[in-house]
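**Q** Listed here are the chains, written in short residue letters.
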Amino acid sequence: MVQRSCRRKRVRVQRQRATLQQGMAHLGTKVVGESPSLKREPLKFSAGKVAAQRRRQHAVTIGKERREAILRTKRLCRDGVVGDNEDQVDAGMILDEEGAALDAQTNETVGELKSALRIQGKDALRKKLEVLRTLRCLLSKSTVPPVETAVQAGVVPLLVECLSFGSPDEQLLEAAWCLTNIAAGEAEQTKALLPALPLLVAHLGDRSSVPIAEQCAWALGNVAGEGEELRNILIAQGALPALARMMLSDNGSMARTAAWALSNLIKGPHPWAATELIKINGALDAIIRHMKKADDELATEVAWVVVYLTALSNSATSLLVNSDLVQLLVGRLAASECLQLLIPVLRSIGNLVACDSHVADEVLAAGYGTTVLNASDNVMGALVKCLSSDHRVLKKEAAWVLSNIAAGSLAHKQLIYFSDALPLLLHLLSTAPFDIRKEVAYALGNVCVVQSEGSHQPNLILDHLVSLVDRGCLPGFISLVRSPDLEAARLGLQFLEMVMRGLPNGRGPKLVEREDGIDAMERFQFHENEHLRSMANELVDKYFGEDHGHLDED
Amino acid sequence: MEVKVEERESGISGTVEEEKEGLDFPYWSVIRRKYDPDAPFFASGNIERELLSKQVALDLTQDEEYELSNMADAEHGKICCPIAGCGAQLISLEDFEDHYLSRHSASCSVCSRVYPTSRLLNIHISEAHDSFFQAKVARGYAMYECLVEGCGAKMTSYKSRHQHLVDKHKFPDSFEFLKKHHPSKRQRQRRQACSKKGAVDQKMRGVREEHQKREEREDDQKGIEERKGMDVDGTIEDLVSKVSKLSTADSTPSVVSFGRRHTRGLAFVPRNLQREKKQDLLTNKKG
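Protein chains in written order, with this note's numbering: chain A, 1 to 554; chain B, 555 to 841.
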């Protein structure tokens, strides 16, 4: 078993803002519901850490529900889109209350909002704002935000009212923030936002102030992350061009939020949205520009947009392939050390290579440019880097990309065969976790065979096959034959067939036997899958039949 | 039959089986594999994305992250044991290997065939290596048990049992319980070494861990064989080996007769002995 070190790792550096309430919680006192304006103590650092620690404990121990929340493609907004907003902090409510007390408070606050919306006069604005802030704090600072309670209490229509045109900026911001976190909840809660959607989309417009537009984009990103139905509604309401325009922005934070929201919006499964996005004026340019210059965080979100474009839309793929984007992707893949960025970049390249030979050629050509040719700058070098990394996802998807490259022409196969990737692949075949080994098997097998038109048996590239076998790939394939995974077992059997048919002088069966291949194949006699049973039986009958044993010279 | 690559380009590799039409063996097919963005193939990458990006600053330790990503995997990655009739659900590959080795690798010490349950192994041993079984069959007893546990049916011949399996239990017609097995020279040598050590009906094969080195594996195997040898009850072992000798010895005459009629009874006696005996009888008669 792999040893795991208990090294603490901060998932993402956040602007941790502690409040007195957090500090009080640390000291064990509970602060209940009024609104005193308390001064901030300089306990900031440690209190913040304690709160984070409590959140962590909750996140991991609270169970399935919490896990699902973390794994959703939604993002809870805890710190807002505006930087260093000191006055938000003094809004003043409890933050580590839980359960009934928190619910009670939420209900109370919603009630207050309702009343605040009815009053007229000078004071009305201030009051509304105060209550909104309280509500927003409840929904953003609590360990488990009381979203369900708030929705049940009827908060959404109230927030919609707060979003009306002409409202002061701060009000819009707070309302949008509340809606963002409600949309980060479960399906029912997100769907409750339906009446708010047109307004949120409207506030994405270029007349809105940047923070407001960004906060609305965030809310919409959460809504889009919920499901196809909501995505379709948002697209119908014109969210796509609005978000695309925001992605063009020079404001890094806004572009990043917009890109993330777009990735949730176009993810399909219907390719329509992806196809529409690429048609929008300036979208492709923005993508290219950000991939070239942006920092890791922005580039990551844009890369995810590219992932969905390349996976879903053929027209997008052709446009992207004919642009500079491929070069930029390869460059990022080769140069970056940031896992967050590498995953979508690698996957985009993978999606491209999986299309067809022509596109794969373009991808391989990238890097062989006019400047100094550094082997590690091109895609093969980058893939080798991924194969050597510690990260399981990178290894698996890099092997997948290589298997698709190896599905190409003889030249492609030779490229892989003579590269540094090959020894790595062989090593991974024996040592890596199962899902990686399966991809590696595809890659190695594809390197040894050329698909032929018209004849039954594919043509073996004997040099490659013999070399791989000599370098010890057989045990790995036989191990796949033993696995309970049908696809892997089939792959293993197919490779064994090639080895036993292809190796000259009957070496194949002998080697297979030596590695206990017969035993592995005979496991299938009681296997429930008929195809595999007959495949295995055929091989055993053909190569280890009647006259076997007598010819055995070893 | 022409292999169409284009058809399968958008599919996931599971469609390769279709090309079997007309081919005896579904050869390795070189295809590009493209996956939809929500395909399970991408799940681990998607999970990684969410873990890395959550705005909640969870100070996750590596263990917790590992646990989280495994949690989501485990929910749709359950492994089902593929041995017919087993249906066990395992959580991981290691789990599966353990399960397989403890439940499905009963092997016959006489011919090295492996069976998924000890019941099937016992049936095999009776049918293939037991002369008493054959004797009873010859006398018309219904000795051939149905292979499906709980059925209880017994038939008088291998063929009729096969027919029963096909008719009553939907076995494929091509299924052969007593399949011809041709062990390699190495296996035959190993088998002889085993019977010398006195291993009885069941021997457990060594654990095959992908990550263990070959040497370790072989040592393990020898160790297990030795342990089994020591566990065996001496008398049972003797009995079994004697019975085996009885059934397989070449010198057993097919007809045994007692009394002075020497012609038929001595059918298998070697010629030189035969001559001597004749002489004795002649001399006896004379005397």
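Hints are supplied without guarantee of correctness; some may be wrong.
As a list, the in silico EDC-like pairs of lysine to aspartate or glutamate whose alpha-carbon atoms are at most 20 Å apart [said to hold, decoys possible]: (1) B:588 to A:362; (2) B:632 to A:528; (3) B:632 to A:362; (4) B:632 to A:68; (5) B:722 to A:297; (6) A:542 to B:730; (7) B:588 to A:356; (8) A:385 to B:602; (9) B:724 to A:528; (10) B:588 to A:487; (11) B:588 to A:361; (12) B:632 to A:485; (13) B:722 to A:362.
None of these hints come from the bench; they were simulated from the model.
Just so it is clear, the structure is predicted and the values come from calculations on it, not from any experiment.
**Q** Each hint: holds or not?
**A** Each hint, compared with the structure:
1. B:588 to A:362: holds, 17 Å
2. B:632 to A:528: holds, 17 Å
3. B:632 to A:362: violated, 39 Å
4. B:632 to A:68: holds, 18 Å
5. B:722 to A:297: violated, 64 Å
6. A:542 to B:730: holds, 16 Å
7. B:588 to A:356: holds, 10 Å
8. A:385 to B:602: OK: residue 385 (chain A) and residue 602 (chain B) at ~19 Å, within 20 Å.
9. B:724 to A:528: holds, 12 Å
10. B:588 to A:487: The given pair, whose Cα atoms are some 16 Å apart, holds under the 20 Å limit.
11. B:588 to A:361: holds, 16 Å
12. B:632 to A:485: holds, 10 Å
13. B:722 to A:362: violated, 59 Å
When held up to the earlier numbered hints, the structure conflicts with 3, 5, 13 and fits the remainder.
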